[in-house]
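These protein sequence lines map, in sequence, to chains A and B.
Each residue of the first sequence is one higher than the last, beginning at 1 in the working numbering.
Each residue of the second sequence is one higher than the last, beginning at 1001 in the working numbering.
In case anyone wonders, no lab produced these hints; they're calculated from the structure.
Beta carbons are placed, not taken as given, at the ideal position from N, Cα and C, and that holds for glycine.
It cannot be assumed that every hint is accurate.
Unchecked claim - For the chain B half of the interface with chain A, some residues (derived, Cβ under 8 Å), not all of them: (1) L1018; (2) I1120; (3) I1123; (4) G1165.
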Amino acid sequence: MGQMQNFTKGFLRENPVFVLLLGMCPTLGTTSSAINGLGMGLATSFVLVMSNMVISMVKDFIPDKVRIPSFIVIIASFVTVVQLTMQAYLPSLYESLGLFIPLIVVNCIVLGRAEAFASKNTVWSSIIDGLGMGLGFAFALTLLGAARELLGSSAIFGINLVKGDLMLVFILAPGGFIVLGYLIALINKLNKTS
Amino acid sequence: MEYFVIIVGSIFVSNIVLTQFLGICPFLGVSNKLSTAIGMGGAVIFVLTLATMVTWIIQYYVLTPFGLDFMQTIVFILVIAALVQMVEIILKKVSPALYQALGVFLPLITTNCAVLGVAILTIQKQFNLLEGVTFAASNAIGFTMALVIFSGIREHLDLMEVPKGMRGIPIALVTAGILALAFMGFTGMVK
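Bound conformation, chain B alone:
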């Protein structure tokens, strides 16, 4: 039951992009086409889950026992950067097909604040490892879902006659606002 609450809570109720404002840059940057949105989503699901797992282990087995909690920000961002680099190298060797699909998005993920944000949130919410991984994976799925829905809308938006000054980013932001409004309907579904 507890896991169900975490999953529904982080995919719908407090969706990471539309209510928590994390990962807005890729949300606006790669949502022009549905296919790239799916690729980016896949890469984020993969890296975010892995990064949260690794940072959780580092937090509870290295930082806390040695009283180095104040190093959290520095250590986490370095771990994430190294991890992304490593995933890129391994993927290139092991599965060239997957690398073809996700490769271009991987370097962008280091500066995706959703990854660092979820890693820190997992520690703040004092989850155990399994809860943390569930939390991370469902947040990443929530991110992908928002991205895919939004790119679908934007593909249609391209065909519309938008007032000149609103073309591009302004209309995309207003659309995202309306989408966020729709997601507010989930508020209060789970605590």
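Isolated chain A, as found in the complex:
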């Protein structure tokens, strides 16, 4: 598999959200608007790239038995870095993402890639894998956020597009489930025909 293919697989064919169904909690919890989804996606991408990189560097020194706890410590360190950086420089985004920033630690995508890819591959391809998967995740979150924002407040990235009645329910919890359900059905269809 070429590096390019390794990078692009995260977008549609192996998209972590739409196809692998990993990381559902932040996917639903942070996508009430496109900008929140993008912010969460990029924060997760950073953690994913860094932890993939470090784990693939140290994979030969870690005994097999304690590998999962060690991975968790590495991931949690980078999450703390993101948490403190966001708190300092992007306080409003940090406020609106809230609890979901520390919860990147238990995002199945991060540990999943560490275990399934970074612990077996070279540093360079692990970075590419992390970047591809992370951006695929960010893409999914932004798409979902944009769809919900468009339906719920007829705007995308805070820019008003259509004037009309608002369907507030799509910004609230039930809308998240419903929009994601239809998006997954749509992506399944696309993946099958291509």
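Dock chain B against the given chain A, drawing on the hints supplied.
Okay, now just chain B, sitting in the frame of chain A:
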């Protein structure tokens, strides 16, 4: 009265799965059958209450006095992972019957974001120990309730003729959305 507000608030009004989006993975993953849903729910009630108690004690007796608040995420996840492992070992020795029922679900709980989420929320809301434990237990009960209701619906859904593209996860998500809509009826019941 205060405890009553915490209990009703976290079971119904801001249900952890359907309004806060925590613990969605097990909510979708183990809700195919009613019996597994009950098993998972039991394991979550047990671990979540215990984990919140332990992390509360660590936060206020170790992290805060030594000014190590920034270590919260790392310490909490390690404590939860260790706790789950320990519960598994103890349960295996002490009560093999209970281990049979809950055992398979225990390893899954470490990465259940509901556990870490509630532990952090308890600190953020500045509860005392008893309030924190009440909060954790009622959130776990709320999780179990949502899971059991949802698995009941999904068992029926299996017998329905669902359009081809919507089968499996998509229809489950739409159903969860409608369930969440029903839970919105509780909004505003308590502050």
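Right, here's what the structure says about each hint:
1. L1018: 6 Å, holds
2. I1120: 6 Å, holds
3. I1123: Violated: closest Cβ of chain A sits about 11 Å from B:I1123, beyond 8 Å.
4. G1165: It holds, given that the least Cβ distance between B:G1165 and chain A is near 5 Å, below 8 Å.
This entry does not satisfy hint 3, going by the numbered hints stated previously; all others are met.
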